[in-house]
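Number of protein chains: 2
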Amino acid sequence: MAYRNRNLASQTQRPLAPTAPRRRPVVTPQISDRSRLRGFANVGSGPCHPLTDRAANQHLQTYEANVKGSFELIVPFLKRISALQHDQDFVSKCQSLARSELGFDLPSHLLEQAWVRALDMRALFAWCVFQSHQHVSDHFFQEDPLQGGEGSIQAKHFQSFLVDCGFHLLDVSPCADGRLAHTIAYALRIPFSSVRRRSHAGALFDVEKTVNRWIKTEHRRYREGVPNSADSPTRYLKVVTYHFSSLDPSHQGCAAHGSDDALAASAGQQRLLDFRESVENSFCCGASVDLLLIGLDTDTDAIRVHVPAADGSIVLDEWLSAEDLYHETLSLTSDEAMQHIAERVEAIAPKKPDEGMVAFIVKLIANNFSQIDYVKQSHAGPYPDAGHAERFIGVGIGFKEVHLRNLTYFAHLDTVEVGAPDLDVGVKIFKGLNVSRDLPIPVVVRFDYSGQVPGARDRAVTDCYRVNQAIAERYSELFDQGLLHTFLTIRDRDKKDTSEVVGSSLEPVHQEAH
Amino acid sequence: MAYRNRNLASQTQRPLAPTAPRRRPVVTPQISDRSRLRGFANVGSGPCHPLTDRAANQHLQTYEANVKGSFELIVPFLKRISALQHDQDFVSKCQSLARSELGFDLPSHLLEQAWVRALDMRALFAWCVFQSHQHVSDHFFQEDPLQGGEGSIQAKHFQSFLVDCGFHLLDVSPCADGRLAHTIAYALRIPFSSVRRRSHAGALFDVEKTVNRWIKTEHRRYREGVPNSADSPTRYLKVVTYHFSSLDPSHQGCAAHGSDDALAASAGQQRLLDFRESVENSFCCGASVDLLLIGLDTDTDAIRVHVPAADGSIVLDEWLSAEDLYHETLSLTSDEAMQHIAERVEAIAPKKPDEGMVAFIVKLIANNFSQIDYVKQSHAGPYPDAGHAERFIGVGIGFKEVHLRNLTYFAHLDTVEVGAPDLDVGVKIFKGLNVSRDLPIPVVVRFDYSGQVPGARDRAVTDCYRVNQAIAERYSELFDQGLLHTFLTIRDRDKKDTSEVVGSSLEPVHQEAH
Numbered sequence: 001m002a003y004r005n006r007n008l009a010s011q012t013q014r015p016l017a018p019t020a021p022r023r024r025p026v027v028t029p030q031i032s033d034r035s036r037l038r039g040f041a042n043v044g045s046g047p048c049h050p051l052t053d054r055a056a057n058q059h060l061q062t063y064e065a066n067v068k069g070s071f072e073l074i075v076p077f078l079k080r081i082s083a084l085q086h087d088q089d090f091v092s093k094c095q096s097l098a099r100s101e102l103g104f105d106l107p108s109h110l111l112e113q114a115w116v117r118a119l120d121m122r123a124l125f126a127w128c129v130f131q132s133h134q135h136v137s138d139h140f141f142q143e144d145p146l147q148g149g150e151g152s153i154q155a156k157h158f159q160s161f162l163v164d165c166g167f168h169l170l171d172v173s174p175c176a177d178g179r180l181a182h183t184i185a186y187a188l189r190i191p192f193s194s195v196r197r198r199s200h201a202g203a204l205f206d207v208e209k210t211v212n213r214w215i216k217t218e219h220r221r222y223r224e225g226v227p228n229s230a231d232s233p234t235r236y237l238k239v240v241t242y243h244f245s246s247l248d249p250s251h252q253g254c255a256a257h258g259s260d261d262a263l264a265a266s267a268g269q270q271r272l273l274d275f276r277e278s279v280e281n282s283f284c285c286g287a288s289v290d291l292l293l294i295g296l297d298t299d300t301d302a303i304r305v306h307v308p309a310a311d312g313s314i315v316l317d318e319w320l321s322a323e324d325l326y327h328e329t330l331s332l333t334s335d336e337a338m339q340h341i342a343e344r345v346e347a348i349a350p351k352k353p354d355e356g357m358v359a360f361i362v363k364l365i366a367n368n369f370s371q372i373d374y375v376k377q378s379h380a381g382p383y384p385d386a387g388h389a390e391r392f393i394g395v396g397i398g399f400k401e402v403h404l405r406n407l408t409y410f411a412h413l414d415t416v417e418v419g420a421p422d423l424d425v426g427v428k429i430f431k432g433l434n435v436s437r438d439l440p441i442p443v444v445v446r447f448d449y450s451g452q453v454p455g456a457r458d459r460a461v462t463d464c465y466r467v468n469q470a471i472a473e474r475y476s477e478l479f480d481q482g483l484l485h486t487f488l489t490i491r492d493r494d495k496k497d498t499s500e501v502v503g504s505s506l507e508p509v510h511q512e513a514h
Numbered sequence: 001m002a003y004r005n006r007n008l009a010s011q012t013q014r015p016l017a018p019t020a021p022r023r024r025p026v027v028t029p030q031i032s033d034r035s036r037l038r039g040f041a042n043v044g045s046g047p048c049h050p051l052t053d054r055a056a057n058q059h060l061q062t063y064e065a066n067v068k069g070s071f072e073l074i075v076p077f078l079k080r081i082s083a084l085q086h087d088q089d090f091v092s093k094c095q096s097l098a099r100s101e102l103g104f105d106l107p108s109h110l111l112e113q114a115w116v117r118a119l120d121m122r123a124l125f126a127w128c129v130f131q132s133h134q135h136v137s138d139h140f141f142q143e144d145p146l147q148g149g150e151g152s153i154q155a156k157h158f159q160s161f162l163v164d165c166g167f168h169l170l171d172v173s174p175c176a177d178g179r180l181a182h183t184i185a186y187a188l189r190i191p192f193s194s195v196r197r198r199s200h201a202g203a204l205f206d207v208e209k210t211v212n213r214w215i216k217t218e219h220r221r222y223r224e225g226v227p228n229s230a231d232s233p234t235r236y237l238k239v240v241t242y243h244f245s246s247l248d249p250s251h252q253g254c255a256a257h258g259s260d261d262a263l264a265a266s267a268g269q270q271r272l273l274d275f276r277e278s279v280e281n282s283f284c285c286g287a288s289v290d291l292l293l294i295g296l297d298t299d300t301d302a303i304r305v306h307v308p309a310a311d312g313s314i315v316l317d318e319w320l321s322a323e324d325l326y327h328e329t330l331s332l333t334s335d336e337a338m339q340h341i342a343e344r345v346e347a348i349a350p351k352k353p354d355e356g357m358v359a360f361i362v363k364l365i366a367n368n369f370s371q372i373d374y375v376k377q378s379h380a381g382p383y384p385d386a387g388h389a390e391r392f393i394g395v396g397i398g399f400k401e402v403h404l405r406n407l408t409y410f411a412h413l414d415t416v417e418v419g420a421p422d423l424d425v426g427v428k429i430f431k432g433l434n435v436s437r438d439l440p441i442p443v444v445v446r447f448d449y450s451g452q453v454p455g456a457r458d459r460a461v462t463d464c465y466r467v468n469q470a471i472a473e474r475y476s477e478l479f480d481q482g483l484l485h486t487f488l489t490i491r492d493r494d495k496k497d498t499s500e501v502v503g504s505s506l507e508p509v510h511q512e513a514h
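Line order of the protein sequences matches chains Y and P.
Letter by letter, the first sequence follows residues 1 to 514 of my numbering.
Letter by letter, the second sequence follows residues 1 to 514 of my numbering.
If you're looking for bench data, these hints aren't it; they were derived computationally from the structure.
Note that CB positions come from ideal geometry on N, CA and C, so glycine has one too.
Hints may be right or wrong, so weigh each one.
[What the hints assert, rightly or not] Pulled a few chain P residues facing chain Y out of the computed Cβ check, cut under 7 Å:
1. 219
2. 281
3. 453
[To be verified] With a straight-line Cα cutoff of 20 Å, these simulated EDC-like cross-link-like pairs (lysine to aspartate or glutamate) come out:
4. 216/P <-> 208/Y
5. 216/P <-> 280/Y
6. 216/Y <-> 231/P
7. 495/P <-> 277/Y
8. 209/P <-> 208/Y
9. 216/P <-> 206/Y
10. 209/Y <-> 143/Y
11. 216/P <-> 231/Y
12. 209/P <-> 494/Y
13. 209/P <-> 448/Y
14. 216/Y <-> 224/P
15. 209/Y <-> 494/P
16. 216/Y <-> 208/P
17. 209/P <-> 206/Y
18. 209/Y <-> 414/P
19. 400/P <-> 64/P
20. 209/P <-> 458/Y
21. 209/Y <-> 206/P
22. 376/P <-> 323/P
23. 209/Y <-> 458/P
24. 495/Y <-> 280/P
25. 216/P <-> 224/Y
26. 495/Y <-> 277/P
27. 209/Y <-> 208/P
28. 209/P <-> 492/Y
29. 209/Y <-> 492/P
30. 216/P <-> 277/Y
31. 431/Y <-> 473/Y
32. 209/Y <-> 448/P
33. 216/Y <-> 277/P
34. 216/Y <-> 323/P
35. 216/Y <-> 206/P
36. 495/Y <-> 208/P
37. 495/Y <-> 231/P
38. 209/P <-> 277/Y
39. 495/P <-> 274/Y
40. 400/Y <-> 448/Y
Please put together the full structure from these sequences, using the hints given.
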């Protein structure tokens, strides 16, 4: 597989550890200004809230437009090469076009069949989606484009703020819906490495696994004093982010809860309470956790916060709307606006709230103002893609690099046997998005592993193959018709390196002679 | 489902917590002396080693003979009722026989079809196996017949001995082979509640899950000082028990290692080393664990121990044979025998061994002498069932009640997707044992759960149904022909109560009118 790009020489590269695997060069897709800005008005100009971070908005918009732009090039490109497929010098012409337009080669075994039968456009489409994602993913791990990686100034500041608020770990479960995939880095503006993110359909996270994560976190505090020592009076904060649609509440809400906002909120709260009760019942000595319930409007990205009292109680049908606060504070100075938000947070809690929790919520709301402006200014109103518009399904454990809205439907699972309900929802969504247009469902399988654990890499590879096999069996009709393709990747989370490709349904069954 | 027995009124019952589920009465199967002692010579008389615990041997033999005897009644009983199936008063006659001979009723919907078509003997066989197991299981949790339950004097003594040896947790992985199911309670004579047992094919335990268990154990020491405080210089001891056959080494050894003893030992050692490396690499501050490799001869139950030096090093092709030591010490007094064993343990270690480890191994070997006599005296030689003779397959998480040799092939799994290789081996074994005789494979599914965790019971029920469905799909040919039946059970491990039946493939599709 060859990667060539005229920008390659100028790419900065971090030094590699001697044992690190060969690094794939990062290729920034060639994106014309027209395609880059298609669907995006510039967020850098125009009036906005005094608390809005214009520079961050511009930076985030460039990233989103670049990444999504690279996916948008695929269909027009394939249409072009479709017209060329009977040309004499098709293969070389096509590869040269692919390199210049997309930044990567196409698989020769697919192109070389063009003279004898029609190009397998489904396979080429899947290939282009997988390569585009892989480039975005490599770039993310090598360059930290969202500036939220471990060790970044942003992450250090946020971690210290978090501890000041009285929390030593922030664990957020958004819904698996692709319209929530940007919750951390965009909607809440939190450095991605400062959060444990676990996406689940309906935000209904796994209680047992979260208890295990709590144990691991507390154990590290006892043993290593990381992130702080166990005798510091800080807490583990578990957040659920459910979602709703302000413009089309009964159709574009959370599918897992039948677009019923009240149900989404109460189910999220119940899961949070179950988690706390599990910790309290399973461990003595005052073991407990803090809980926070947040709603996100998928049309505007404005959040609403169910502010808890210091005793943890909340009122399900009362919340603080960031959208309301945005308007209330539009004409104030930054300091006055912060002061106003803090007063409103304190006032809405059912009983006296915890000071640290108030400070944390105030920051989330202020951060969210930037995102409210981001959406408004990018689209001159709410999001134009109110419904699903994901580009691929991500299956497995990992995907730390996915932080864009409507890029990935995420099925967080160890096995298809357990995760099938979430995966079925994703396949149903993509039947509408892709199969209806005769295009395949691209499924990226990922298993992160800990390279410090002997045998873990081999087990991650085995996990990929196992899940691939289970997907091929469960969706055999789509798979056999080339309407579902898979791309298998693993990643050493200890090395914090790029992911490694270990297989794909696009591999040639046998290599043709050249 | 009715349970009736003339002994019922005299059963002692522990008081139930107000929230406890209805307790099923324990019915001791009616076992004639002839069937009870079939295949067992009395272990109470005759010469034995001075360290052998005759009373324990007699107690353990009664338990084994009772339990296995109850399974042995099934086929003769079914042959009897087969001859009666066209009698006018068949149903009532059959139920009355079942109650008096087996101690439980048969399902009416299966008996009432006898006049119109032949009795479904496969289904009745499966029913009897499931009921027999359920009675044995209930009896185990209610009466602690092996006297090794949590809180028993035996368990308290052993736990204190363990800590004196320098270990705060004993975690043993025997092979999943049914001929190792009695490793803890019989071969090593350890109170079952003092051990974390995880059976896996080839004794190849899951490194990641064992690291998680290590974290939980250490966390509890830090937080609760249980079993001792984290600053006590004790260690987590992980033991692997591989197996071999002294009489037919190339056929009756471990199937997972192709009956190659040396491979079984080295694979076990490698997994142990991987576990230690994982703990050491993942945690700082001198985190480590102790390791021990033991082999078990499935013909005689004699163990061999690869005695480790204090630095953890062992020599794979050198071990201490309990069988040899038994003979070397046969004419000594108990004290002299213990002294001799201790000297031999110290002498065989590649470098100076740890004192606590020596004391621990000496006890295991002395305990094992009782088992060597148990086998010899029960069968006037080695086991007559050299190969597989399991009665059912146990699938899932749990089965704390299974402590008899060749009773259960155990496939420890969360999902069939991951556990299929182990389960396939079990199904293959039972094709030979049962299907070849036109009898079905009885599969008991069990998911233990923590009742203190909200929603955990519901999730355990869902897990049972999910695994049942996956088994029905994977082995659809057997399942559809009634040659594989399932019985779904869950158990609250916090309450330490009996298991609860939540479904079965034997349930009537629709209830017939009476």
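Each hint tested on the structure:
{"no.": "1", "hint": "219", "verdict": "4 Å, holds"}
{"no.": "2", "hint": "281", "verdict": "4 Å, holds"}
{"no.": "3", "hint": "453", "verdict": "4 Å, holds"}
{"no.": "4", "hint": "216/P <-> 208/Y", "verdict": "13 Å, holds"}
{"no.": "5", "hint": "216/P <-> 280/Y", "verdict": "15 Å, holds"}
{"no.": "6", "hint": "216/Y <-> 231/P", "verdict": "18 Å, holds"}
{"no.": "7", "hint": "495/P <-> 277/Y", "verdict": "17 Å, holds"}
{"no.": "8", "hint": "209/P <-> 208/Y", "verdict": "14 Å, holds"}
{"no.": "9", "hint": "216/P <-> 206/Y", "verdict": "18 Å, holds"}
{"no.": "10", "hint": "209/Y <-> 143/Y", "verdict": "31 Å, violated"}
{"no.": "11", "hint": "216/P <-> 231/Y", "verdict": "18 Å, holds"}
{"no.": "12", "hint": "209/P <-> 494/Y", "verdict": "18 Å, holds"}
{"no.": "13", "hint": "209/P <-> 448/Y", "verdict": "16 Å, holds"}
{"no.": "14", "hint": "216/Y <-> 224/P", "verdict": "15 Å, holds"}
{"no.": "15", "hint": "209/Y <-> 494/P", "verdict": "18 Å, holds"}
{"no.": "16", "hint": "216/Y <-> 208/P", "verdict": "13 Å, holds"}
{"no.": "17", "hint": "209/P <-> 206/Y", "verdict": "17 Å, holds"}
{"no.": "18", "hint": "209/Y <-> 414/P", "verdict": "13 Å, holds"}
{"no.": "19", "hint": "400/P <-> 64/P", "verdict": "16 Å, holds"}
{"no.": "20", "hint": "209/P <-> 458/Y", "verdict": "16 Å, holds"}
{"no.": "21", "hint": "209/Y <-> 206/P", "verdict": "17 Å, holds"}
{"no.": "22", "hint": "376/P <-> 323/P", "verdict": "12 Å, holds"}
{"no.": "23", "hint": "209/Y <-> 458/P", "verdict": "16 Å, holds"}
{"no.": "24", "hint": "495/Y <-> 280/P", "verdict": "17 Å, holds"}
{"no.": "25", "hint": "216/P <-> 224/Y", "verdict": "15 Å, holds"}
{"no.": "26", "hint": "495/Y <-> 277/P", "verdict": "17 Å, holds"}
{"no.": "27", "hint": "209/Y <-> 208/P", "verdict": "14 Å, holds"}
{"no.": "28", "hint": "209/P <-> 492/Y", "verdict": "18 Å, holds"}
{"no.": "29", "hint": "209/Y <-> 492/P", "verdict": "18 Å, holds"}
{"no.": "30", "hint": "216/P <-> 277/Y", "verdict": "18 Å, holds"}
{"no.": "31", "hint": "431/Y <-> 473/Y", "verdict": "17 Å, holds"}
{"no.": "32", "hint": "209/Y <-> 448/P", "verdict": "16 Å, holds"}
{"no.": "33", "hint": "216/Y <-> 277/P", "verdict": "18 Å, holds"}
{"no.": "34", "hint": "216/Y <-> 323/P", "verdict": "43 Å, violated"}
{"no.": "35", "hint": "216/Y <-> 206/P", "verdict": "18 Å, holds"}
{"no.": "36", "hint": "495/Y <-> 208/P", "verdict": "18 Å, holds"}
{"no.": "37", "hint": "495/Y <-> 231/P", "verdict": "31 Å, violated"}
{"no.": "38", "hint": "209/P <-> 277/Y", "verdict": "24 Å, violated"}
{"no.": "39", "hint": "495/P <-> 274/Y", "verdict": "19 Å, holds"}
{"no.": "40", "hint": "400/Y <-> 448/Y", "verdict": "9 Å, holds"}
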